[in-house]
Each structure stands twice: as structure tokens, then as C-alpha cells.
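These protein sequence lines are chains A and B, in that order.
Reminder that position 189 of the first sequence reads as 189 in our numbering, one-by-one numbering, no gaps.
Add 297 to a position in the second sequence, counting from 1, and you land on the number used in our numbering.
Fair warning: there could be bad hints in the mix.
[Claimed, not checked] Result set (SDA-like, lysine to any residue): computed pairs, CA atoms no more than 20 Å apart in a straight line:
{"hint": "1", "chain 1": "A", "residue 1": "K82", "chain 2": "A", "residue 2": "A219"}
{"hint": "2", "chain 1": "A", "residue 1": "K94", "chain 2": "A", "residue 2": "N71"}
{"hint": "3", "chain 1": "A", "residue 1": "K82", "chain 2": "A", "residue 2": "F103"}
{"hint": "4", "chain 1": "B", "residue 1": "K346", "chain 2": "A", "residue 2": "P88"}
{"hint": "5", "chain 1": "B", "residue 1": "K346", "chain 2": "A", "residue 2": "K82"}
{"hint": "6", "chain 1": "A", "residue 1": "K128", "chain 2": "A", "residue 2": "H95"}
{"hint": "7", "chain 1": "A", "residue 1": "K92", "chain 2": "A", "residue 2": "R120"}
{"hint": "8", "chain 1": "B", "residue 1": "K359", "chain 2": "B", "residue 2": "K411"}
{"hint": "9", "chain 1": "B", "residue 1": "K346", "chain 2": "A", "residue 2": "R120"}
{"hint": "10", "chain 1": "A", "residue 1": "K82", "chain 2": "A", "residue 2": "Q134"}
{"hint": "11", "chain 1": "B", "residue 1": "K411", "chain 2": "B", "residue 2": "L391"}
{"hint": "12", "chain 1": "B", "residue 1": "K346", "chain 2": "A", "residue 2": "N30"}
{"hint": "13", "chain 1": "A", "residue 1": "K94", "chain 2": "A", "residue 2": "T44"}
{"hint": "14", "chain 1": "B", "residue 1": "K346", "chain 2": "A", "residue 2": "F103"}
{"hint": "15", "chain 1": "B", "residue 1": "K411", "chain 2": "B", "residue 2": "T385"}
{"hint": "16", "chain 1": "B", "residue 1": "K346", "chain 2": "A", "residue 2": "A219"}
{"hint": "17", "chain 1": "B", "residue 1": "K346", "chain 2": "A", "residue 2": "K92"}
{"hint": "18", "chain 1": "B", "residue 1": "K346", "chain 2": "A", "residue 2": "R29"}
{"hint": "19", "chain 1": "B", "residue 1": "K346", "chain 2": "A", "residue 2": "K128"}
{"hint": "20", "chain 1": "B", "residue 1": "K346", "chain 2": "A", "residue 2": "K129"}
{"hint": "21", "chain 1": "A", "residue 1": "K128", "chain 2": "A", "residue 2": "P180"}
{"hint": "22", "chain 1": "B", "residue 1": "K346", "chain 2": "A", "residue 2": "H95"}
{"hint": "23", "chain 1": "A", "residue 1": "K82", "chain 2": "A", "residue 2": "G65"}
{"hint": "24", "chain 1": "A", "residue 1": "K128", "chain 2": "A", "residue 2": "Y87"}
{"hint": "25", "chain 1": "B", "residue 1": "K346", "chain 2": "A", "residue 2": "A178"}
{"hint": "26", "chain 1": "A", "residue 1": "K82", "chain 2": "A", "residue 2": "G22"}
{"hint": "27", "chain 1": "B", "residue 1": "K346", "chain 2": "A", "residue 2": "R125"}
{"hint": "28", "chain 1": "B", "residue 1": "K346", "chain 2": "A", "residue 2": "T31"}
{"hint": "29", "chain 1": "B", "residue 1": "K346", "chain 2": "A", "residue 2": "H179"}
{"hint": "30", "chain 1": "B", "residue 1": "K346", "chain 2": "A", "residue 2": "R113"}
{"hint": "31", "chain 1": "A", "residue 1": "K92", "chain 2": "A", "residue 2": "G52"}
{"hint": "32", "chain 1": "A", "residue 1": "K128", "chain 2": "A", "residue 2": "P88"}
{"hint": "33", "chain 1": "B", "residue 1": "K346", "chain 2": "A", "residue 2": "G102"}
{"hint": "34", "chain 1": "A", "residue 1": "K129", "chain 2": "A", "residue 2": "E83"}
{"hint": "35", "chain 1": "B", "residue 1": "K346", "chain 2": "A", "residue 2": "S131"}
{"hint": "36", "chain 1": "A", "residue 1": "K82", "chain 2": "A", "residue 2": "T2"}
{"hint": "37", "chain 1": "B", "residue 1": "K359", "chain 2": "B", "residue 2": "R379"}
{"hint": "38", "chain 1": "B", "residue 1": "K346", "chain 2": "A", "residue 2": "R181"}
FYI, nobody ran anything at the bench for these hints, they're computed from the structure.
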Amino acid sequence: MTTIVEARGLTKRYRGVTAVDGVDFQLARNTITGLLGRNGAGKTTLMHLLTGQEFATNGSITIAGESPVENPRVLQHTCFIKESQRYPDDFKPKHVFAAAPGFFPNWDADFARELAAELRLPVDRRIKKLSRGQLSSVGIIVGLASRAPITIFDEPYLGLDAVARQAFYDRLLADYAAHPRTIILSTHLIDEVADLLEHALVIDNGRILIDSPVDALRAHAATLAGPAEAVETAVAGLEVIHRERLGGFVSATVAGITDDVTRSARAAGLEVGPVSLQQLIIRQTGGTPTEHEEVTR
Amino acid sequence: MDDGRPIFLQIAELVERQIIDGSLPEGEQVPSTNEFAAFHRINPATALKGISLLVDAGVLYKRRGIGMFVADGARDRLISERRARFTTEYVRPLLREGAALGLDAAALIDLIRKESPS
């Protein structure tokens, strides 16, 4: 497994706010990584640093060993689909697609046409007149048809309905299988994308909270539920990341679970349930107030 | 697909089940990892991990450039493995639940007899 993105001590400070706070991580080439976290956690800043649109205050981020800042060698291999991409006023989607090969050497015009038809995008309407969902479709088509070695989607589907989102996921998977590349998907819809991800990077308050293969996360956590006393015995010595109580009944979400723990919990008559990636992240990021909240309090 | 365990294990088990029930006979080609990924809407690397597990266990074998196939003797081997786990996965939980409801082993055996098609 080769590393394509590497951050070391990466920090971005705005006046009084540390958006990204000394993070270290690596991304493996040709994997799909979910960049997850709450609003204001630092996801977008991290993506801006990754694509050379912001300067790091401290530390470094490199793509294939090089800094992305004003570096055409890196940037021509990168496609960044933003939530709020702006286009020239009179542009129509067909103009965007016609201009794309100039930015993306791997652009596949036939694929773009196919996607536009599937997403029912009116390619001949002015972008100003498109609905929010149609505007998102333009971004999704550019992101997929560019086949950029590093493709970054930042909340790409505002306004898209469930059918169009599913089409996006299916196309993403199929095209990724046929043309492997490094994909970073930043989203709030964790449950929808959990199975597409190979790796999860969870950021909270500008720091990396989870940096793990998704498989390992799923195996790692479980919810044990039953009579309070039996639950407390079963979870003794384990990291309880969440606990809910209803009378004498307790449900505890536990990290660092092993087969032995599961077996003895079941033997003690406890319910052992799965924790979805979304639940796990809510548990891990829910307790701490964000920087912003601390400032305004 | 979700029962809380890692998805690659669930993929491996799904293939095992199909081998046991005969829908994937020995010698038959299994779908490619990309086909598994597309069908179950999962990351191809996850599908590959599940399939690799079965290759390592000798349930599937690789034919270079062609694909994966069900190994000879895979079905019998899987069945005996499942039987070995039957006690812990089915009999003991049954006894435990029975005990909680005041049904002893004899009562459970009666229930099983009554439910079995004769």
C-alpha cells in the first residue's frame, strides 16, 4: 500500500480560531476515504489545504511527496468538487463539460453524457436557472468523468433526491472499480456511504479523532444491553463511549470489543448489537462542544 | 447487509451459504469482486477481502486471468465446520432461552419433535 497524501503537524489558524490543529495522517493510493465530522469540525479547511487553496499556518501536507500550493504537477491530477462551486454567469452545463478536458487530462466525454442522461440534467439550460439538485449533478458529473487520480467530493449532493444519490453511489463504485483512483468523500450522510468507504478519517475540533479502516471500526464497537448489573459486569475494564439507562435496563456502547467479550456477554443473557459507523461517530463526537460553541458561550 | 460484523466476513459467509445450499456447485465460477461490490454496494477492496478469506481457507481457488472457482470438497468441509459450531450457536442459546422460560431439555425435545415434519 503506497501513501499518496501525507499530513504532518498540519495546522491552519484563522483569527482566533484553529480550524485544523496539528493533524498527522496518511491516505493510501487508490482507496476511498470518508472525511467525516460535524459542521465546523475542519473538514472543508482540510480539503482546501489539500488542494492548495489555503496555506498551512504550520506543518505540511503533500500529495505524492509534493506540496499542492501553486503546483500544476499536483493540481492537474486533482479534482475538487465543492458544495458551492461557482460558474461564469452565462455558462450552461454543456459549456462546463466542453471546458473540462482542458483541466482534466483523463476526461471521458461519453461518460459525462451518460451521467447527464441518467441524472436527467438539462445540459442546455443556463446554470443560473438550474435547481439546487441539478447544480449538484453538474459537480457530480465533473467529479466522476474527470477520472482524476485524486478526486475530492465535499458534500456533493445538496438538493439531490434519494434516487439521484443512489445513482451517484453506484456509478462511483463501478467507475472506481474500473478506474481505481484516490477518492475522498466528505459527507454528513454517513450511513449512506459507510459501505462504500475503505477508510474513515473523523475530524472534530480540528483534530483527528478516528483514523481507521472502516472494517476495523465495525468490528471494534458494539452495544451491550440488559439488566444494569450484568451490563456493568460485562463492560468492566472496557472503554464505554456511551451509556443509556431506562430504570434497571442499561445499554452501553463499548469500544475495544473482542470475541471473548461478545461471547461472555451473550452467555450472561445480554443483547449484543451492532453499532453503525454513523452511531459510532455520533457517540465519539457528540460529547465535546465545538470550538465555535466555546467561543460564543 | 448489516449484522454489525465486518462486511468482508458477511460476504465470505454469503458465499459459504451458497456453496452449502448448492446454488454455487463445486467447480463453478463465483462472481468477480467488482460484481460483488456493485451488487452489494460495497467497496471493492472489502469484497476482495471477503473472497481472499475463502481462497486462504481453500474454499475457493484462483485461476489466473479467469477468476475464482469453488474448490472440490468445499461443500463437505463447510458443512462439517458449521456442524461443529451448531452447538454453540444454536443449541446453547436455545437451552438458555428455554431455561429462562421454565422449559427443560425434555420439554424442548418435545417441542422439536412436534415441529419437525415427520
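Cross-check of the supplied hints:
1. A:K82 / A:A219: Not OK: K82 of chain A and A219 of chain A at ~32 Å, beyond 20 Å, violated.
2. A:K94 / A:N71: Given that 20 Å is the threshold and the Cα spacing comes to 28 Å, the pair is violated.
3. A:K82 / A:F103: 16 Å, holds
4. B:K346 / A:P88: Violated, because 45 Å separates the two Cα atoms, which is more than 20 Å.
5. B:K346 / A:K82: Distance ~32 Å between K346 of chain B and K82 of chain A Cα, so the pair is violated.
6. A:K128 / A:H95: Holds, at roughly 13 Å.
7. A:K92 / A:R120: 14 Å, holds
8. B:K359 / B:K411: 46 Å, violated
9. B:K346 / A:R120: Violated, because 36 Å separates the two Cα atoms, which is more than 20 Å.
10. A:K82 / A:Q134: 14 Å, holds
11. B:K411 / B:L391: Judged against 20 Å, a Cα distance of about 16 Å means the pair holds.
12. B:K346 / A:N30: 15 Å, holds
13. A:K94 / A:T44: Answer violated: K94 of chain A to T44 of chain A is near 28 Å, above 20 Å.
14. B:K346 / A:F103: Violated - the C-alpha atoms of F103 of chain A and K346 of chain B are around 35 Å apart, more than 20 Å.
15. B:K411 / B:T385: 23 Å, violated
16. B:K346 / A:A219: Holds, at about 14 Å.
17. B:K346 / A:K92: Status violated; Cα separation ~43 Å.
18. B:K346 / A:R29: 17 Å, holds
19. B:K346 / A:K128: 45 Å, violated
20. B:K346 / A:K129: 46 Å, violated
21. A:K128 / A:P180: 34 Å, violated
22. B:K346 / A:H95: At roughly 42 Å apart (the allowed maximum being 20 Å), H95 of chain A and K346 of chain B break the hint.
23. A:K82 / A:G65: 24 Å, violated
24. A:K128 / A:Y87: Since the Cα atoms of K128 of chain A and Y87 of chain A sit roughly 9 Å apart, the hinted pair holds (cutoff 20 Å).
25. B:K346 / A:A178: Distance of about 18 Å is within 20 Å: holds.
26. A:K82 / A:G22: Given that 20 Å is the threshold and the Cα spacing comes to 24 Å, the pair is violated.
27. B:K346 / A:R125: Roughly 45 Å separates the two Cα atoms, so the pair is violated.
28. B:K346 / A:T31: 14 Å, holds
29. B:K346 / A:H179: 19 Å, holds
30. B:K346 / A:R113: Roughly 34 Å between the alpha carbons, so the hint for K346 of chain B and R113 of chain A is violated.
31. A:K92 / A:G52: Violated: K92 of chain A and G52 of chain A sit about 27 Å apart, past 20 Å.
32. A:K128 / A:P88: Given pair K128 of chain A, P88 of chain A holds - Cα atoms ~9 Å apart, limit 20 Å.
33. B:K346 / A:G102: Cα-Cα ~38 Å, so violated.
34. A:K129 / A:E83: Measuring from Cα to Cα gives roughly 17 Å; hence the hint holds.
35. B:K346 / A:S131: 41 Å, violated
36. A:K82 / A:T2: At roughly 26 Å apart (the allowed maximum being 20 Å), T2 of chain A and K82 of chain A break the hint.
37. B:K359 / B:R379: It is violated: about 24 Å lies between the C-alpha atoms, which goes past 20 Å.
38. B:K346 / A:R181: 18 Å, holds
The structure shown violates the earlier hints numbered 1, 2, 4, 5, 8, 9, 13, 14, 15, 17, 19, 20, 21, 22, 23, 26, 27, 30, 31, 33, 35, 36, 37.
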